[in-house]
Each structure stands twice: as C-alpha cells, then as structure tokens.
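J.: Each chain, letter by letter, is given below.
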Amino acid sequence: MPYALRLPKKFKQWKVKIRDRETVEPPHVTALRKTQAWRIDLRTGEFMDSEPDPGEVPEALVKLIKSEAVWQALREQWDSMYPHNPIESEEESEEESNE
Amino acid sequence: MSEPLVVVEENHGLAAHFGATKPVSASSPEQLHAAMNKFAHGAVWVARAGPILKWLAVIDPRAKTPHRLLLIGSPKGPERAFLRAVFESVVVPDDEMKMLGFDELFEVLGSARRANLLVGGAVAPAAKSVVLIRGDLTSLVVPFSWFVARTNERPKPNFSAFEIVDFGQTIKLGDYEAAVEAVLYEFDAEFRKQERKRRISVDKSLGGALRRLRLQRGLSRADFPGITAKTIARIERGEVKEPHGDTLGIIAEKLGVKPEEIITF
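Protein sequence lines, in the order shown, are assigned to chains U and C.
Numbered according to the working numbering, the first sequence spans residues 1 to 99.
Numbered according to the working numbering, the second sequence spans residues 1001 to 1265.
Just so you know, the hints here were simulated from the structure itself, not pulled from any lab data.
Please read these numbers as outputs of a predicted model, since none were measured by experiment.
Any given hint could be a false lead.
To be verified - Simulated restraints, written as ranges between beta carbons of each label pair: (1) ALA1229/C / SER50/U: 31 to 37 Å; (2) THR1138/C / ARG6/U: 35 to 41 Å; (3) SER1139/C / GLN13/U: 28 to 34 Å; (4) LYS1193/C / ARG43/U: 20 to 26 Å; (5) GLU1096/C / ASP79/U: 35 to 41 Å; (6) ASP1203/C / LYS66/U: 34 to 40 Å; (7) GLU88/U / ALA1161/C: 30 to 36 Å; (8) GLU1030/C / SER67/U: 58 to 64 Å; (9) GLN1194/C / LYS66/U: 38 to 44 Å; (10) HIS1244/C / ARG6/U: 50 to 56 Å; (11) GLU46/U / GLY1101/C: 32 to 38 Å; (12) GLY1077/C / GLU88/U: 54 to 60 Å.
Ideal Cβ placement from N, Cα and C applies to all residues, glycine included.
Construct all of the structure, not just a fragment, from the sequences and the given hints.
T.: Below, the structure written as structure tokens:
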C-alpha cells in the first residue's frame, strides 16, 4: 500500500505519496496533479526535476510536506518501504569512516 | 515534442473532450486521407469505429501505416483485423484491456508527455506478464517478477486487481502501487535520456549510473561475484573511471543489462 498524505480540501486536485515501487535513488516523495508529477528529494528537501516547473506546486503544499512532523513521517516511511536504500545510507557513512 | 493527435468522427463531440489541446479533426474521408499523408511519420489517432471503417474503405489503403489507433466502440473480428492491417497498433477498450476512465483518458491523450503516461493495460497470467499501453499507444511488457514487494511487511501485488490510476502515472495491483516512472526508467532508454536532461542535479558519470542501477536492483556492493565491494565502491565514487572490460561484463550481467547500457541509468 502506498504511503499517501491526507491533504486538506484546498489541495483536492493533488496527491502526495510514496508508492511501493519507485525509482529508489535518490529517496523521494512525489506530488501528483493530473498528468504531472513533482519529486522532492527526501535527503536534501530539494525538487529533483526542472520540469514540470517546481513553482507550480503551491507554496502552502510544499510547506505542509516539509513541516517537521510530516517530513519526519515521510522519511521514516521511506526507510521502512525501502530498507535497502535508506535516507541515511549505511554506504554513505562507510565512505565517511573510510576517509 | 509528442506526435500529432488526430480525432476521427462525424461531429466534433470527441474532439471537444480534449479541451485546450485542440487535436487535428478528421470529419470526412478527404480529411482523414489528408491527415494520413500530412503525418506520414505517424500520429496517435482516436476514432469511433463507424466513421473510420467507412472512410478507410473509401480511401482504399493498401500499405500498413505507422499510425496508432485508439478505437471507441467494438467492431467485429474481421473489422478489427482490417484496422490492424492498416494501423501499426490498434487499442480497443474491452473486457481484457483495462483503460482509464474517459475523463482521465482524454487528459492523458491530450498531454504533451502522453508517451510517459499509461492509458491502460492487461494482465497475461499464462505469460506471467503485464502489458502496458502508453499514451502514444505503444505497448510495454513487464514481467510479474518486476512488481516485487520490497519487504515481507509490504502488500504483495494482486494481478487479478489491475488498474491504471492517477491519470496514467500509477499502476495499481490491489493494495500495491508502482510508479509508471519507475517502469519506464528500467525499461525505456529514451525515457532515461529525457529524465537525465530534466534532473536538476545528477551524477552522470559511469559510477553514478552504476550506483543508481545497483540500488534499483536492490543489490549491495558485495553482490557481484568475483568483484570486491571495495572495487564496486571505487568505481561508484569515480576513482576507477574505466573499469576493465571483464569487470564491467560481470557487473552488467548481475544487473541484467548490457555493459554499454549501465551509463544510461
């Protein structure tokens, strides 16, 4: 079952979710509106793609996604759904300890 | 730029559903013939069965065309065979082919990125495969094995409950959902090329591509027979820019791709 945010009515055209099968690198959450999708990197908080224009996502929705509790829940959910590529990758920390 | 969209009908009822997209309208045999010639390299066609059969008979087509057709209506077997002889592909929504609802379907067909969206599909249990129909009416076959549940706690895909949702962006198999973008990323090199162009920040090196593909396959650095995890890490970090051909061959085999394909991920 995907992890989908419950959104206020004002965002009725939008869905924000992490599906059971995604491209796994980088970890991300997807905001969908009709035929378009915007991906937000769960490590950096940045939009991953230049198209469609990230400016088309309402600021209030971005703020909601990045609010502390929601953001934490998204990151935890990603880790539980994709344990082979968690947000805090063990591979990254191996590289840091090797430096 | 996506291919042209041509709507064949006797009035403009269908064309009106596409809203701002304004497809090319063919509402006579002459207009149909003109559109076939104008878009000689191929177009996506949407037609009601009655008019297109009637008007194609008038223009007497002989050769198969590079056009792809979505048919509204259910012609009989011989008429379907005729259309399949004329069009490169013919998609007919029926009991076997699950399609988007009309509102979402027209939205997808009218989208500039329709090729990266789905309009429908079918499950072929005997072949353990799912056939996906893209918005440009080409098809993609994905094996059941691709739809994995990542952990035991996650729902497993239910192939008897197949649907396309989210305006062609998600494949739903019961409670399990897969991003269409994830399918295209793994199965379509052209999609990967487009995706790299629109990524704001991506490591386009061989090492970066290897890491992405390895993670997509759910593999660790230690999963490559005869190659140490340290070597894989060095390749991924760019410390080895051109791995030995044999090494790349082993890596590619484990990843299920040709060596020259790794860089495209």
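J.: Each hint: holds or not?
T.: Hint-by-hint comparison with the structure:
Checked against the hint of 31 to 37 Å, the pair ALA1229/C and SER50/U passes, with Cβ atoms roughly 34 Å apart. As the Cβ distance of THR1138/C to ARG6/U is approximately 36 Å, the hint placing it in 35 to 41 Å holds. Here the CB-CB span from SER1139/C to GLN13/U is close to 29 Å, well matched to the stated 28 to 34 Å. As the Cβ distance of LYS1193/C to ARG43/U is approximately 24 Å, the hint placing it in 20 to 26 Å holds.
At roughly 39 Å, the beta-carbon separation of GLU1096/C and ASP79/U lies within the given 35 to 41 Å, and the hint holds. Between ASP1203/C and LYS66/U the beta carbons are some 24 Å apart, a value that contradicts the proposed interval 34 to 40 Å. As the Cβ distance of GLU88/U to ALA1161/C is approximately 35 Å, the hint placing it in 30 to 36 Å holds. The beta-carbon spacing between GLU1030/C and SER67/U, approximately 59 Å, falls within the hinted interval of 58 to 64 Å.
A hinted range of 38 to 44 Å is violated for the C-beta pair GLN1194/C and LYS66/U, which are about 27 Å apart. Look at HIS1244/C against ARG6/U: about 52 Å separates their beta carbons, and that is inside 50 to 56 Å. Checked against the hint of 32 to 38 Å, the pair GLU46/U and GLY1101/C passes, with Cβ atoms roughly 34 Å apart. Distance hint check: the CB atoms of GLY1077/C and GLU88/U are about 58 Å apart, consistent with the given range 54 to 60 Å.
Going down the numbered hints, you'll see the structure goes against 6, 9, while the others check out.
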